[in-house]
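Undergrad: Residues per chain are reported as follows:
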Amino acid sequence: MSSVRFSQEFLTKLEYLYVVSRKVFAGKMRGERRTKKVGAGVEFADHRNYTAGDDLRYLDWAVYGRLERLLIRLFEEEEDLHIYLLVDGSASMRQNGKLDYAVTVAAALAYIGLAKLDRVSVVPLGLDVDGRARPRLPPSRGRGNIWKVLGFLEALEGSGPTALVKSIEGFVHATKRRGLAVVLSDFYDLDGPAAALDLLRFHRFEPTVLQIWSAKEARPDLRGDVELVDAETGERRDVTITERALAAYMRAHAALTNDLAAYCASHGVGYFKADTNVPFDELLLRMLREGGFLS
Amino acid sequence: MTFAGASVGLFGTALAVGGAAIVTLYLLKLKRRRFEVPFVALWDRVLGASEARSLWRKLRRLLSLLIQLAIFAMVVVSLGDPRLRAGADGRTVALVVDQSASMQAEDGAALPGEVAATVSAKRTRLEEAKRAAAELVRGLGDDDEAIVIGLDARPTPRTGLGADARELLSAIDALETVDAPADLDGAMRAAADALRGRSNPTIVLISDGGYDDAALARAIAPAMKGADVRYRPVGGARPVENAAITAFAVRRYRANQTAYEVLVEARSFAQKPIAARLELVQEGEVVEVERLTLAPGQTVTRRYPNLAGEGTRLEARLVADAPAGAKAALDALPVDDRAYAVLPPRKKLRVLLVTKGNLFLEGALLLDENLAVDKVAPGGYDAALAAKHDAVVLDGFVPPAAPPVHALYVDPRGDGSPFPLRGEIKDPLVTELAAEHPLARWLALKDLNITRASRFQLGPGDVAVASSLRQPIIAARDRDGRKVVALGFDLRQSDLPLRVAFPILLVNTLEWFAGSDGGLVASFPTGRPIRLMAPAGATELAVRDAAGVTVRAPVIEGRAPYLAERAGFLDVSATGARTGGGNAPSLVAANLTSPDEARALLRPTLVVDGKTLAAPERGALGVPRALWPLLIFAALALLLVEWWTYNRRVTV
Numbered sequence: 001m002s003s004v005r006f007s008q009e010f011l012t013k014l015e016y017l018y019v020v021s022r023k024v025f026a027g028k029m030r031g032e033r034r035t036k037k038v039g040a041g042v043e044f045a046d047h048r049n050y051t052a053g054d055d056l057r058y059l060d061w062a063v064y065g066r067l068e069r070l071l072i073r074l075f076e077e078e079e080d081l082h083i084y085l086l087v088d089g090s091a092s093m094r095q096n097g098k099l100d101y102a103v104t105v106a107a108a109l110a111y112i113g114l115a116k117l118d119r120v121s122v123v124p125l126g127l128d129v130d131g132r133a134r135p136r137l138p139p140s141r142g143r144g145n146i147w148k149v150l151g152f153l154e155a156l157e158g159s160g161p162t163a164l165v166k167s168i169e170g171f172v173h174a175t176k177r178r179g180l181a182v183v184l185s186d187f188y189d190l191d192g193p194a195a196a197l198d199l200l201r202f203h204r205f206e207p208t209v210l211q212i213w214s215a216k217e218a219r220p221d222l223r224g225d226v227e228l229v230d231a232e233t234g235e236r237r238d239v240t241i242t243e244r245a246l247a248a249y250m251r252a253h254a255a256l257t258n259d260l261a262a263y264c265a266s267h268g269v270g271y272f273k274a275d276t277n278v279p280f281d282e283l284l285l286r287m288l289r290e291g292g293f294l295s
Numbered sequence: 296m297t298f299a300g301a302s303v304g305l306f307g308t309a310l311a312v313g314g315a316a317i318v319t320l321y322l323l324k325l326k327r328r329r330f331e332v333p334f335v336a337l338w339d340r341v342l343g344a345s346e347a348r349s350l351w352r353k354l355r356r357l358l359s360l361l362i363q364l365a366i367f368a369m370v371v372v373s374l375g376d377p378r379l380r381a382g383a384d385g386r387t388v389a390l391v392v393d394q395s396a397s398m399q400a401e402d403g404a405a406l407p408g409e410v411a412a413t414v415s416a417k418r419t420r421l422e423e424a425k426r427a428a429a430e431l432v433r434g435l436g437d438d439d440e441a442i443v444i445g446l447d448a449r450p451t452p453r454t455g456l457g458a459d460a461r462e463l464l465s466a467i468d469a470l471e472t473v474d475a476p477a478d479l480d481g482a483m484r485a486a487a488d489a490l491r492g493r494s495n496p497t498i499v500l501i502s503d504g505g506y507d508d509a510a511l512a513r514a515i516a517p518a519m520k521g522a523d524v525r526y527r528p529v530g531g532a533r534p535v536e537n538a539a540i541t542a543f544a545v546r547r548y549r550a551n552q553t554a555y556e557v558l559v560e561a562r563s564f565a566q567k568p569i570a571a572r573l574e575l576v577q578e579g580e581v582v583e584v585e586r587l588t589l590a591p592g593q594t595v596t597r598r599y600p601n602l603a604g605e606g607t608r609l610e611a612r613l614v615a616d617a618p619a620g621a622k623a624a625l626d627a628l629p630v631d632d633r634a635y636a637v638l639p640p641r642k643k644l645r646v647l648l649v650t651k652g653n654l655f656l657e658g659a660l661l662l663d664e665n666l667a668v669d670k671v672a673p674g675g676y677d678a679a680l681a682a683k684h685d686a687v688v689l690d691g692f693v694p695p696a697a698p699p700v701h702a703l704y705v706d707p708r709g710d711g712s713p714f715p716l717r718g719e720i721k722d723p724l725v726t727e728l729a730a731e732h733p734l735a736r737w738l739a740l741k742d743l744n745i746t747r748a749s750r751f752q753l754g755p756g757d758v759a760v761a762s763s764l765r766q767p768i769i770a771a772r773d774r775d776g777r778k779v780v781a782l783g784f785d786l787r788q789s790d791l792p793l794r795v796a797f798p799i800l801l802v803n804t805l806e807w808f809a810g811s812d813g814g815l816v817a818s819f820p821t822g823r824p825i826r827l828m829a830p831a832g833a834t835e836l837a838v839r840d841a842a843g844v845t846v847r848a849p850v851i852e853g854r855a856p857y858l859a860e861r862a863g864f865l866d867v868s869a870t871g872a873r874t875g876g877g878n879a880p881s882l883v884a885a886n887l888t889s890p891d892e893a894r895a896l897l898r899p900t901l902v903v904d905g906k907t908l909a910a911p912e913r914g915a916l917g918v919p920r921a922l923w924p925l926l927i928f929a930a931l932a933l934l935l936v937e938w939w940t941y942n943r944r945v946t947v
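So the sequence lines, in the order shown, correspond to chains A and B.
Here our numbering is used: the first residue of the first sequence is 1, the next is one more, and so on.
Here our numbering is used: the first residue of the second sequence is 296, the next is one more, and so on.
These are calculated hints, taken from the structure and not from any lab test.
In this text the structure is predicted, and so the values were computed from the model without any measurement.
Some hints here could point you the wrong way.
Unchecked claim - Partner residues are not named here, just some residues of chain A that face chain B (Cβ under 10 Å, in silico):
hint, residue
1, 100
2, 203
3, 214
4, 236
Glycine included, each C-beta is placed from N, C-alpha and C at the ideal position.
Starting from the given sequences, assemble the full structure and let the hints guide the process.
TA: Rendered as structure tokens:
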């Protein structure tokens, strides 16, 4: 693969992360997901009383012989986990390497998910030039599909507005299978993130937030008379940035981040601040260890 | 407040133009650096969307504009060198510093720290005067103004009237002595003129006081009517003993102009006898030496006759002996120990005599050893032949065209006469003689008998040398470098050839043609205006003195005005002179021959009209008048404020 984003070194790291993730889940994650449906499967789960109409093939004759009770054996039904990687592809993500970082993290998550036979789908957030939602990558399963995922991610370009609510609204209505929704975005939206995440929660998705965060944007090196141009809308502002104004901006930026984190904490949404200065593999390991959002 | 630097109009214009430029730049839209940000709404929340365009924002920048305009105005106004007007107590001081020859006397006070008794510490009076003037400048009060006037042969202000000590000190430092007497009268008049109408006018004369009482009274008394005249004497740090050459004259013999004689006059101004060696030097070689012993106040005159030599530079030197036991001679004023004279090369004057035969004329011309006479009959005359000579004598003959050289007409007739004829006079008597004309030197024509004479009509510039009842019969003209003399009568019809006046008239005429004033070659005195003779056609003379200073002087009526301030030989070169334009000297000599200067008189006090001139005083302290340092300081302070407010984003 001649990708700029996904080099051979990157792929090697994916393998390493996959091995690490298996170790992590083997020791820690097993008991954390007890809400699995019980049904057809090979792994015993539990007993229940026999009722008329039950399939006699699942009657536990050994228990009947000892206890003279008709119990039906229940097996864990093997159900695919759907992982939706919602990657912000707006123009603001193009700055300071945020999109590259987000795509890299998404690729790694996708690789781990595919390797665990989860169904991974990539959904670009944002609108195209016509104001329509961008095409998504349908769910894929198995490590063999990693190239398809990587190819899709690589084609992502930062352009257009974020439109978090509108994008996620389109996503939840077009997606029947619920699952894990990992939102990778800079969340530059004054009131959008909460509404967008609420949409996911209300439609019974399990959202996890990865805020792509750049120190350069949190503490910009701007002074004096400047013209600010919005990367998404092209709006211009003639401003004079003083030390005081800069400090106010930094506080506002921090408040934006803190509000998002507070929302996630208060609503049980996994939240990770992905500093673009932190290597992505370090971030993923922290996510795997602390978040446990992969099964 | 006054402006001593750029004019009010100039810096007013600069202020208007610069101010307009600053305001224009202020009104122009600020060119901002452009930055792309991911989320401009966040900046809007912090700064407000229209902050940069708000009126308040612009008003804040107005402070920056005002500061910049103030800085610019201060800098421009400081270029005008604004000064507060002098207070009513301020003096206006004219420092008149003597630069005359006597100020070269080496009896000035030693500099502070020098040992006065040592020879190496000898200081001239001028050095002491300059130091005294500098001290006075440094002692000027804050409300005082001063002007420096050099007291030499041509007194001139060396500075403008002002309070700039640096300019005054620089002018004082540039003062040099001259080898000439000073024009005290002119200097005092210049000082009085400069101070007229000024507050508390004060004239400070810094001098050795080497002027006679009459000159002092004549120069200082009028100045005392309008100004407070103070006197600062210089010199007298050691006794002055001086001997000088007070006269040096050279002349050629009239009969034999290849020889010459020299007159030297030496005089002692010392209180003790001075033994000296008098040397006569020609072109650097000593040709005469004589030992002299000059008693106090004695004048010795020596004449050296029958000297011969081709050299033109003559110099007389008086070399005083050192007294017994002393290392150096007593003579304190070296400048008057030398005198210079130029002996112009003498060549025979080539004369063309055009005559049918006139024994009187031929005899008189042939007797003069300084003439080379060619004779030709009127039929053999042509202009080309005349051009090969220095002068033409036309006896009863008038050529169709005026000769290209100087010409003496004897009894010219007809239309070709150089002076138009207005009839004849029978038995004229010479009643008027232009005694000041070179032709009339030693000439007596009172009882001359003439049968008849033509009356000449004179034009502008023509001179009637001899007239009969105001009717010119002998006329002279000097025009365009050519000289013409006409006798209105035939020599044979008069008894002039039988008189002594005849050869004298001929010699005078030919010497006038030659440009010589009778064979006397006098050196010029320094400090007095002279008129240097210029060759024909010259428009300007360049005179380079012994110090290498070249002065250019325009030629007016064949002469150029010049005033020598340094003794020595003067090289003269002419601009625009015609070839063969005459015998104008290319070398002249100038001598200090003033006994007053040689006397090196010293007056510790000056008394004029019975009043003793007081010593100058220091000025009073006051408010500094020069405002530009304050303005520049204020501009720098404002610049700092502007820098601080800009960087703190107060004014942006």
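Undergrad: Does each hint fit the structure? Answer for all of them.
TA: Verification of the supplied hints:
1. Interface hint at residue 100/A: violated, since its Cβ lies 14 Å from the closest Cβ of chain B, which is beyond the 10 Å cut-off.
2. For residue 203/A, the suggested interface contact is broken, since its CB lies about 27 Å from the closest CB of chain B, more than 10 Å.
3. Interface restraint check for residue 214/A: the shortest CB-CB distance to chain B comes to about 8 Å, inside 10 Å, so the restraint holds.
4. Taking 10 Å as the C-beta cut-off, the interface hint given for residue 236/A holds, the closest approach to chain B being about 8 Å.
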